[in-house]
Amino acid sequence: MFGKILVANRGEIACRILRTAKRMGIATVAVHSAADSDASHVATADEAVAIGPAPAAQSYLSIEAIVDACRRTGADAVHPGYGFLSERAAFARALAEAGVVFIGPNPGAIEAMGDKIASKRLARAAGVAVVPGRDEALEAVADARAVAAEIGYPVMIKASAGGGGKGMRVVRSEAGLAEAFERARSEAMSSFGDDRIFVEKFVVDPRHVEIQVIGDRHGNVVHLGERECSVQRRNQKVLEEAPSPLLDEATRAAMGAQAVALAKAVGYDSAGTVEFVAGQDRSFHFLEMNTRLQVEHPVTELVTGLDLVELMIRVAAGEPLPFGQGDVKLSGWAVESRVYAEDPRRGFLPSIGRLSTYRPPEAGRFGDATVRVDDGVVEGAEVTIHYDPMIAKLVTHAPTRAAAIDAQALALDGFALDGPACNLDFLAALMANARWRAGALSTGLIGEEFPDGFSGGAPAGETARETAAIAVVCDHVGNKRKRAIAGPMRAPRPVTFDAARSVRIGAAEFVARVAEDGDAFAVTFADGARLRVASDWWLGDPVWRGEIDGRPAAARVAPVENGLRIARGGHAADARVHSRAEAALAALMPAKAARRGASRLTTPMPGVLRRLDVKEGDALKAGDPFCVVEAMKMENVLRADRDGAVGRVLAKVGDTLAADAPIAEFA
Amino acid sequence: MKHVIEDLGRRRGRARLGGGAARIDAQHAKGKLTARERLSILLDEGSFEEFDAFVEHRATEFGMAANKVPGDGVVTGWGTVNGRAVFVYAKDFTVLGGSLGEAHAGKITKVQDLALRNKAPIVGLFDAGGARIQEGVAALGGYAEVFQRNVLASGVIPQISLVMGPCAGGDVYSPAMTDFVFMVRGTSYMFVTGPDVVKTVTGETVTAEELGGADVHATRSSVADGAYDDDVTLLLQARRLIDFLPSSNVSGAPHWPTRDDPDREEPSLDTLAPENPNAPWDVKELVRKVADERDFFEIQEAHAKNVVVGFARIAGRPVGIVANQPAALAGVLDADASRKAARFVRFCDAFSLPLVTFVDVPGFLPGTAQEYGGLIKHGAKLLFAYAEATVPKVTVIARKAYGGAYDVMASKHLRGDVNYAWPTAQIAVMGAKGAVEILHRAELGDPGKIAARAKDYEARFMSPFVAAERGYVDDVIMPRETRRRVARALAMLEGKALANPWKKHDNIPL
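Sequences listed follow chains A and H, in order. All residue numbers for the first sequence refer to our numbering, where the first residue is 1 and numbers rise by one. All residue numbers for the second sequence refer to our numbering, where the first residue is 1001 and numbers rise by one.
So here's chain H without its partners, still in its complex pose:
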């Protein structure tokens, strides 16, 4: 018995050391923390319970039998974030480069299974060299076991991937199937094939950072939902994200107490949307002034800035915010913006987070680039996502709601529960000039007549009242009272129960 306890201590010590002091120093020298250090920040102090610290691989080929380290390159277990259970696995770059083999994969799938069974979020921390080539097809099998579980857990528990080092080849697909991907600038990258292969195949010379760095994925590809300057910043922001997320699709959102009055008036919102329909304004000011404590956790901030999505709380309860951003590209919906918002709407719907939508959209972006790029299909994704969503949907039309984009943005016709309009709202098929040029084509040669027609059109159609007369908006509200009206609508909708017809799954236009 005594020798077992002694052995336990010795083994634990070895496991904690991972790849050894020299490799830990090398990790630090690169500006990276070790797997265990990362978990100590991500999880509440002292809350981490490790599993499988003694697991070793069973490979023997290529000299692997002599190269065994307890833990096998991944640290797994669970802990809490502000007291709520979270399952974790963190690749340990100091052990065999964090590469994935059969035993390593087994450790991951074990916590994946636990997370799904116990309905708690799972967070993966990536910093690894990919598949363990020495293990061959066993490693590939391991990947697929992980992928399969990612898919089964999708929409049941939140899955978050923190990419904090290399993440290439097979490693990239697990993060890609999770709900949120964060990356660290300068020290992390993600790509299917690296710069060497790119050079061989296409002749392009490109660095890892240029090919798959945090900013590339956060800005251009949209693979990443957030990019942060260092490990500590990213991990603390991940904790902040988790505070917004339900533990599972049946647990309900994690509300917390606030002293921010839900009835708070914001008189400055009355002047936020400029009267000149061509003048831009920043919808994030609206989001922050409606949200509790001005707190807004933006998702994909740098990508498709013409639509803003993210999490906020109203009266202490988390909600998903979707807002057209007139300060970028006039707030137009293009393929990227549609995809970005659609994915976010589906996340919120899957996890029962109410959707608050702020609308100022001049339409869909015209042009060959957009049409060839499949704007129809991408725009349809957002339309589909809003239409299938059964969570409470509260919509505020701040200014323009033109054409098909009006329909898309959580309109009454897509089962919007409470739809409000500001007095500045213009709900119409299109702007006055365009409409008049079609309606009165015969008078096009007479600028005076056309101008008069445009004025008539504006007076009649460019207001919230045509829609309000039909009940397409439930009320015209003063901007200053937006927070109170949205908070009350959400409170009223707390008991909302709506189910879509039974189906195996839908067929969203991917």
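Chain A with its partners taken away, still in its complex shape:
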């Protein structure tokens, strides 16, 4: 076994690998860029080596720097994690030359699977179902017509060099083929300078299912079942699960056997993933093979009880796989959500900044549910522009899919995060989504279920009632404490609060009474409905945890003026709790139109304009940064105080500005 492992990665995956290495009693080395010197993975490892400035190209992607770090620390093996150098054969070779073991597949396998067309040919040769179509570039429309006739419509016309949807066209019948072919070709030429075009079968309403395989250096390969990752946004996975609600035993066995056959064909000797596109009819075709540990590997670990990182380390050290295919048993269901620093209410724009609050839900086993949090940050960490915006992976496991989803929903509601905007509310809304819950997935699910984007506003119906119950109980805790303030008059009667409270959440209004009931609260609504709410929440806690009628519940709560902002189940709304008399008067208050800010963007301080983030015509939202002004040797980020479109820009970078000097006008 290795004496010391260097982890050539950062963030959650570095922390996750370091944990296993430590458990195995192996010494650990972290590498970090200048932006990451305080990062969690650095604190987790026994040693840390600085490998360059913040941009990944000069640090985490520098083969030279990492090989040098191995040399300096005496590490005898490197785990690359995912991303960065994990699928670079050159990296594996450079390590081998330096006498360091690469914890991953042999370079030959990486190369074989790294080329899309070559891997497809290899797959076909290994008896793996590939998407019907022609591997070579087509010269003319006639060729395309012939191929399409052979494989059947609909077909996809794809540029060889394509990516990001450019140069791709779906053709549903022969009528549209000629035009689509020419359009794709010219688009491919103008976008990529390469007009080679392919035609392949287009899978309608596709699902993404992948098989986890692991091989050793003795020719053994087994598969560890599948994962379904159909819930994606712009080709970025959002939710993953194992097993897949689509597969039956026969399909699983067939898919697994093909994945193993492909792995064996390339001499695969580590953990890898064979990705398939599947139709709703369970037909499936090979897409590609990822020759690394996947982001979503924890769902496989939770249903198999295996530690994939440990297995990777052991096989890299030459140990044979400790089990055969027959020993792999899948148990229960696991669901993973990716928590990203992005704003779902604003088109999923990435967001950066300091995590001023970061309190993930407690990990561990709760009844028959397991909660696992894979993260690489702590409260106070900075989400920067330099790296992937994923903050954490939240994984839950339970005997059934429904129970795993319930556990995931509860864990998401109990996850407090402030600073950068994040997608927690969106993930929680997905957990409540009927199609997701039914397992009726496809890669188009998010677009189809949220056609107008995500708003995540006030809850309705029973969800609103439960949120109202939480609000009224929080209000009760606050009121009761206020009664204990020092210095009240010795009045003949104590201060009382009207026990009937009015709760306004969005457009909904509830009237409810709170009575203490042992260590819980009985909440009785005006319409007679009752909820028993138990919680030991105290003022200032960012997460409310408790039970509603015996069912566990959680919510993010944050104080707002005269109320609480409560986020739960994908809904976030301000709850205002009043006495009924106050509520009657509050109802007289006019709704204030959003305040209009100034008509210009100005600097409140004298200084030098260091960066300008806007140009004429840009749309700004209140709070968006628009420039950086250096004053008193400090860089101050100025933010728009209202929404609007940018008109004329009145300053340029390098200008010395007086206080209140205009930087741009609103149109």
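Every clue listed holds true.
Chain A regions said to be covered by chain H (calculated; three or more residues, Cβ under 8 Å): (1) 480-490; (2) 530-540; (3) 556-569; (4) 582-589.
The set of hints was computed from the structure by calculation and includes no laboratory data. In this text, a Cβ means the ideal position worked out from N, Cα and C, and glycines have one as well.
Take the given structure of chain A and dock chain H to it, following the hints.
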């Protein structure tokens, strides 16, 4: 007897109705509540005891004899806020426009006298048309009677003004002399002379909102300490403020029980102040993480954002927080920030609220605008305020404490009781670059030498240890333990007794 009781009922009914149903509807249509409705929110339910509901004016000129309404345009009395006595007067815009005449003023001065005698806060609610012109000089006299009492009560009981409608001319000076002024956006304004007079005299065309609206006063003029969207929001926030305030300068602060552990560690504070001295950070995160329950009642949030002041509690006891804000103007002290903080420090000192000061200040703001604007005198106000304060003073230097601004910010030399520094603290006359350019002027032509000198200077002076070696800071503490250390220091200082020499009053540089 029976007819007296009947008459009482009838009179009370008339008084409660104020200016009548039509005027009440008009008030609501403007988005405003009536005086009595406002008091019902400000005070604990059913706690309001009204005085002088039957008072009427005695004016006769200009047809006033026929225009009498019981109460005379102001509702006065007392009630409780979470059980603590508070005196109140609320202008009733539905009665004679809430204008102030002799009888009206008499009602106000009566509760002012009671409040002062009984050592309880007084809250005035403003929504009125100014002096009652028909009463002439009697109205002016009435104003002055109110002003005089404002001044005598200043520093003895908290005085709070809630401006919830027009407040112009003579009406503005009473709020101006009280401790805190809150305003409602859109429906309230304050100015000495209104838009019409402004137009006549200076030719400027300006709306009432632009001239003296809530945002103008909360942001630019600093006349207002808070601006809120509507009456209900403002009144509930006023209750929240009162919970922080002692009833008087001899009563002690109103503590309450909390489950928030005073020993709570906040590991994230270790990374809050960036190592790069030019990078900004938000001091409010520090304030919230040190305070009980993340609860911070900020005063003058929108004005002079480079210094943050407000109330918090630590271990259940209210304290005043003063903090340089590196996220705005680098946390520099300018004239506005100095005045804002100075006034707040003096309020806390007057009412025996301990001061907790967080320091990250690069100095005073240079420039002609500042110097011509009297930065020396305004900066001196803050220096003066801290120096004269005898309440417990606990200071934490988070990062920069440069030059004179170091002295000002509750330093040991100004009788700071417990002064801590974070390891990131840099206590020095100025930043390294500036210092080296003065100390080694002869080497200015050699960038290499200057850089080396700057490095030496940083190593020697840009740390908390030069100050710690002299005892100017009592300890260097880990940021994560700030709450525990501050809470313990405040507990230790609870018995602090310190008196300044007898004087009639001091002569702060106004």
